[in-house]
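Engineer: Taken in sequence, the protein lines are chains A, B, C and D. So our numbering is basically just the index in the first sequence, starting at one, shifted up by 188. So our numbering is basically just the index in the second sequence, starting at one, shifted up by 188. So our numbering is basically just the index in the third sequence, starting at one, shifted up by 19. So our numbering is basically just the index in the fourth sequence, starting at one, shifted up by 19.
Since the hints were derived computationally from the structure, they do not count as laboratory data. Some hints could be false.
Stated by the list, open to error - Take a look, some chain A residues computed to stay more than 12 Å from chain B by CB distance:
| id | residue |
| --- | --- |
| 1 | Asn193 |
| 2 | Ala221 |
| 3 | Asp410 |
| 4 | Pro431 |
| 5 | Arg464 |
| 6 | Leu467 |
| 7 | Lys469 |
Unchecked claim - Pairs of lysine-lysine residues, derived as DSSO-like cross-links and limited to a Cα-Cα distance of at most 30 Å, are as follows:
| id | chain 1 | residue 1 | chain 2 | residue 2 |
| --- | --- | --- | --- | --- |
| 8 | A | Lys469 | C | Lys157 |
| 9 | B | Lys469 | D | Lys30 |
| 10 | A | Lys216 | D | Lys64 |
| 11 | D | Lys176 | B | Lys469 |
| 12 | C | Lys30 | C | Lys131 |
Claimed, not checked - Have a look at the derived ranges for each label pair, beta carbon to beta carbon:
| id | chain 1 | residue 1 | chain 2 | residue 2 | range |
| --- | --- | --- | --- | --- | --- |
| 13 | B | Asp429 | A | Gly412 | 17 to 27 Å |
| 14 | A | Asp429 | B | Gly336 | 40 to 50 Å |
| 15 | A | Asp429 | D | Gly396 | 52 to 62 Å |
| 16 | C | Asn405 | D | Thr470 | 42 to 52 Å |
| 17 | B | Asn427 | A | Tyr398 | 39 to 49 Å |
| 18 | B | Gly412 | A | Asp429 | 21 to 31 Å |
Nothing here was measured: the structure is a model prediction, and the numbers come from that model. Heads up, the beta-carbon is just placed ideally off N, CA and C, and yes, glycines get one too.
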Amino acid sequence: MTARNLITGAQNTWCPGCGNFVIQFALKNTIAALGKEGVDSDRIVLVSGIGCHAKMADYLNVNSFYSIHGRTLPVATAIKMANPELVVIVCAGDGDCYAEGLDHLVFAAKRNADITLLVHNNRVYGLTTGQYTPTSPLGFRGRSTPSGTVEEPFNPLAIMLASGATFVARGCTRRMDLLQRTVMEGVHHPGFAFIDVLQVCASYYNLSDYYEKRVYEISDHDEGDFEAACRKAREWDYNADAPIGLGTIYRAKRPTLEERLSATRGTETDRETIIRNVLEKRT
Amino acid sequence: MTARNLITGAQNTWCPGCGNFVIQFALKNTIAALGKEGVDSDRIVLVSGIGCHAKMADYLNVNSFYSIHGRTLPVATAIKMANPELVVIVCAGDGDCYAEGLDHLVFAAKRNADITLLVHNNRVYGLTTGQYTPTSPLGFRGRSTPSGTVEEPFNPLAIMLASGATFVARGCTRRMDLLQRTVMEGVHHPGFAFIDVLQVCASYYNLSDYYEKRVYEISDHDEGDFEAACRKAREWDYNADAPIGLGTIYRAKRPTLEERLSATRGTETDRETIIRNVLEKRT
Amino acid sequence: MDESSVLIGGKAGDGINSAGMVVAHLFNRMGYRVYMYFDYPSLIKGGHNFAIVRAARERIGAHRSQVDFILALNQDTVDFHGDMVHGRTMVLYDRSRVRAEGIGINLPQILKEEEAPPVMGNSCIIGAFAKAAGIEWKVLEEVFVRQVPKALSLNLKVARRGYEAASECCRIGSLGSSPVPVISGNEAIGLGLIRGGLDAYVAYPMTPTSNILHFMAEVAETHDLLVFHPENEIAVIMMALGLGYAGKKAAVGTSGGGFCLMTEGFSLSGMSEVPVVVVLGQRAGPSTGMPTYTAQSDLHFALHAGQGEFPRLVVAPGDAEQAYTWSDLALRLSWKYQVPGVILCDKTLCEGFYSFSRPDATIPRIDQPTKASPGPGYSRYLFSENGVSPLLSPPCTDTVIKVNGYTHDQAGISTENSEIAALMSEKRLKKAAALASEVFSLNPVVVGGDTGSDVALICWGSPIGVCREAAGSMGLRVVQPVVLSPLPTQLLQDALQGIKRQIVVEENAEGQLAMLLARHGIRPNLHIRRYDGRPFTVEELEVRVREALA
Amino acid sequence: MDESSVLIGGKAGDGINSAGMVVAHLFNRMGYRVYMYFDYPSLIKGGHNFAIVRAARERIGAHRSQVDFILALNQDTVDFHGDMVHGRTMVLYDRSRVRAEGIGINLPQILKEEEAPPVMGNSCIIGAFAKAAGIEWKVLEEVFVRQVPKALSLNLKVARRGYEAASECCRIGSLGSSPVPVISGNEAIGLGLIRGGLDAYVAYPMTPTSNILHFMAEVAETHDLLVFHPENEIAVIMMALGLGYAGKKAAVGTSGGGFCLMTEGFSLSGMSEVPVVVVLGQRAGPSTGMPTYTAQSDLHFALHAGQGEFPRLVVAPGDAEQAYTWSDLALRLSWKYQVPGVILCDKTLCEGFYSFSRPDATIPRIDQPTKASPGPGYSRYLFSENGVSPLLSPPCTDTVIKVNGYTHDQAGISTENSEIAALMSEKRLKKAAALASEVFSLNPVVVGGDTGSDVALICWGSPIGVCREAAGSMGLRVVQPVVLSPLPTQLLQDALQGIKRQIVVEENAEGQLAMLLARHGIRPNLHIRRYDGRPFTVEELEVRVREALA
Ligand SMILES: Cc1ncc(C[n+]2csc(CCOP(=O)(O)OP(=O)(O)O)c2C)c(N)n1
Ligand SMILES: Cc1ncc(C[n+]2csc(CCOP(=O)(O)OP(=O)(O)O)c2C)c(N)n1
Ligand code: SF4
Ligand code: SF4
Ligand SMILES: [Mg+2]
Ligand SMILES: [Mg+2]
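For reference, chain A alone in the conformation it holds in the complex:
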């Protein structure tokens, strides 16, 4: 394909200071880098949910399916099943992917389709003006919980590990370079790559300073060690203060959904033959 401007002409409407700009930048660079590796941008498909995060579908000049709130993953999985040549990247929100459509997340991990998921985890509903999400800390005062939430957050990394994810990582929009490396690793990973991106929401939950003080790049860690990964994932529980490790936490090899599907599938393609065979048996 011919070199292409990876950003569309659509007017960008994220708030000044929003972490989504950083994710957009990381994705753009990743797609450009993939191009240099021979992965044509025509083969990239971006799937997004609904929320601030999802506007990525309008902004990145690649194929996209701007889907509905919470339902990115079945769309993305199916696109990959339909055509394994496509490189499928998903931008989901934490409300989107951890609340509205959490079931699909667990099943994406279980199935190991070769897609890459970025959860823009700003720990708040941005586009609907600031309600708590499953990763907001206990007591968070949002617009639906003015006296504070009554629920501890869950730990998405721990859930992903328990669900069979083969690539589990965390990024933060305060660490753009590391995020970009992690995204690239995720895309390269043959299987479901889960990346929880701690994304600063400038308007409703600005944790810039909080993250700035706590995040560190994970090193001296065996990504292939499941137990170690669980410990690393639990180091910070999204609630109490703790160091927040960034980078890849776990990586394993397992056949992908597409590989397994193609192994069980028949080959006859003539429709008339198949109809005749069935009717013959029913006569």
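Use these hints to put chains B, C and D with the ligands onto chain A, whose structure you have.
Structural biologist: Same frame as chain A, but now just chains B, C and D with the ligands:
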């Protein structure tokens, strides 16, 4: 209340040899025992999904909400929120609770409402005549997967631990007494009690012998040790052969949803006052 | 004898459905056209199941109130169906378990002697039936060879013992026509979709369409078809849309409860113009209702499901040939106009069995719109005269293909501009009009019976079978709109030309077709409705029509 | 001056909505009745927001095509609204950022001097407006004291600077009437539900009803109300049903996409007879559409959502008083008849602000049915003359209370018996009839305008405001069915007596009310439709009515 026959006159339509009879028996005994402890059967509410398991709502002569496929837990949580005096027990299926409505399961664990969930985990869709579920082993040949499934099962105990469940246990219909004790422990537990019951499906997935050979009662295990619980939960992965531990795997104390809700709630009950207050502010 | 009805009953687990099919094939071999109704509660073992096999010289699609033979594997079969017995009904029964008058066979003893398992009781009683009905052994043997998949020789032995234990009480003669396939409505839908170009079928099991999933999964063992059963119906429709975006023609199947969960994706299909076909098998509702019993009570839900306004295709075939034809057409039309489609069927059609004559020669061809050209100038939602934009799927060289559930501009980028919003709304109206005019040319209103009559039975879906017969015997016209959205109003009006009394026959309580017709200015004043989960029988409908006309 | 319109515009984040409210309250203090339309795209910061505040002597519920004042915090406010300017429109603007003619104020400089944050620019421009409009400082001060929640004295200082920087160009006089509350449609719904006996509100945020959730959550800080925001809309409706079963009156709120996910629970409500009220706020669809723009395109979806047949209440209030009244009534009626109810509103009503006069005195009383008696003989689904069964919630001594989404017998135990199934279906029809007859007595069709005219505007929902005005100015009758299910057909026909030309005014493309009327034999032939996400203005409607009648 007056002593009551705990079984209704409804015709029982489970298959001969079905593990559901064992669960019914355990529940009936539990309810009777609770009666002796002073928990009036009038206070028991049973919530069921849709599937063979769910027929429990027709058979047990207690208050019941025979709900829809996959949606037991929000109903049950709300009943408890509405009236913490009620003792809420949920009978769900594995298709029901691990596939159709998995999201609610994770949130039930996260919220820690004081309800008890029994998943009749026969690892197959019974009532729709034998398709794979999220806990069927890889390669399972069901009616929707005649060449075998392309997905490894997930481990519901591991997911529950990762989701913040405060009581995680496993039962088996081949071990009626232990099951009954576990159910009683679950009901006594102040918070969300999750019990995965390995239930024999006589018609579509008869694992009687399989379980008979592998199940054992867990002992010498610290139920308060999260790491130990994780190890115990992962001992068997619902796929490869391994010893299958039964009994309570994890137990922790955390405020329940109802407790936290009542702490944040206002007390004014006069409707006219509230309307007038609001309108006054808007004038 | 020109026609014959056989009821076979027993417990769930006795193999009543397959036994019914074998009986159906006996008739089929002898040149009869058959129809089988299967009645079963929602349980796996026990309870009471029965199948009514009816055979006739001509194509049929309904059962009668009375039967000529009863094959009783349990006492209920005799006790529950007393009202179906006429003077010459012959009862064949398992003497060890059933008290009745007729031909008693000691099934357990025969099975024991042949060392056959209990489930082979049905083969034995079928053997007895064949003898009683004067059917040659050769016919039975042929049918068993073709239709009994497992333990053929033992089944034949057991059947032979039944054959020998009974005595002939009448003689059902051969008609000489050749046998034809006998398929369920579900299979007809499946085959029609395959003919229409289906690439993928995605479903979560739900009666009465689960068997499409099972059928497709079996087909996929040899055929290059993607069949997937995901975590729930939300995933089902979203996967179908993902497949559709990526260039695969996908259909899904469910019933009302599952369709509820699909409605958000359905609306997304309408907005994003990514097509999908939903097979919606109606059953008795509301809610879980009676999952294994029939109803026609989701018409308006299908017509209006999903927020906002977008064109949709809703077809309601009534028998196997129509199911095959219109599943094919639904898939083609949905893709041609890039709209969601619904194949609205019901338990009676889905799980009924029908003699099937391939209607391929009569299926109209749908031309495909002109191809899209890839390139940097491509706009997924290009405005066009008929509202349909050229369709491409990724990857295409130098082409960005954006689909979007937000209001979008021609390139697929979200917009809140009021003019573009109005234009896109008009684009959808234009597609609706284009679809309607193509539907007009596809013979979407079936007119039958005595077309000279000034009384018409108006029906939709599976009751066409029973209406056709009642109309035939009573000399009435029958009018069946097969396409319900866009409703071919003009053709309906033409079909009702000269009609004085219009009787709408429906299997629901509120009169859903009647409501739809009223909206379009057609206001029949006679109504026959049944809403207890059971389909009309021929005689019942005749009585109700006579009452209505009285 | 009898009426006045003010447009204030700026970026999202400039506080345009609250600024508009302050302006509205200035008029309110002076005895005007106000209406405010707020227009904003789906984004958090930036873009272009504007509010149109209109004040008049009488109650109003629509804005005009032209405004008397423009308060411009950004250039877009001047550039985008040129068509709203008339000869005497006065523009007040931020001189530092906007080029315009009128009164320029150097906002940044004033803010800097007062050490005030940028968001206080709106206070400053309001100050300037007050001066320009000849509004006394005292009025402004009073309004600020009551309506500005934070940093009052700094805001007042800044406003004073604006006041001083501007010059009077006209004088908006006080009318002498006392101020009344100014509330949004969402608040009116919330208050009505509370009046009706609401115990719990469950919702997942979704425009345009998110603010009901926020409002209820605030109320619950002091009031004994359970407010919960769970993982998604499926959980929302299932929780509401759990609450309903346990004796709590629960309502939920959403928009079309969320309602899709509720439809399965909605049908369960119909079957189980556990009531629930759904506030369904329409917005431009299909699918995500334009989330912050208005539409009336979910009427038929609301009327037919969920599989199977069951009675439902659908009310569509059109202004704050109706919203309050009918939210109260909807809750009471849903509980009395144990049916699901829908309060069908739209973005214009939900997020519009209205002067509100409490209509409590005119709200009809709904008698409660006779109490149920607990005990072993209790049957949750007891047959009764009007189909309604006595309702109990657990725990009750010696009482087993079973609700069920399967077809069930009177005790709530699942059944597949054909007779019981038919009887239960008839039970639901009886409830529908009983509900319809009660609705008949509740004044569910509003007739207004010139009742002697032979031309009628027929409308539903929020366009009642604009229709009332157009009808007033043009001498037409207005007919508004507030209840859409069960449709009070007879009352509608009465209301349309003597009408020669009927014009249906709707904010959708397909004419959804027209379809519904047609089904019931009322077939208006003139239609005015708008479907670009924006509500009609008074002038626009007048022009369209003249065109239609020409
Ligand atoms: C089914 C449905 N429910 C609710 C909404 C309304 N909605 C739009 S965006 C959003 C929340 C977005 O939060 P999140 O996913 O965290 O994304 P963010 O805006 O924070 O990036 C919601 C609830 C919707 N569009 N669809
Ligand atoms: C929304 C919806 N989808 C599908 C069904 C059909 N259905 C009824 S029971 C069932 C599966 C039951 O499996 P499981 O939950 O494991 O229960 P079991 O019968 O094994 O006890 C399904 C898919 C339904 N009732 N509702
Ligand atoms: S609301 Fe938060 S997440 Fe959304 S654009 Fe603004 S800063 Fe970003
Ligand atoms: S199908 Fe299986 S789970 Fe269902 S009743 Fe029979 S044995 Fe039990
Ligand atoms: Mg978020
Ligand atoms: Mg199961």
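Engineer: Provide an ascending list of the numbers of those earlier hints which the structure does not satisfy.
Structural biologist: none
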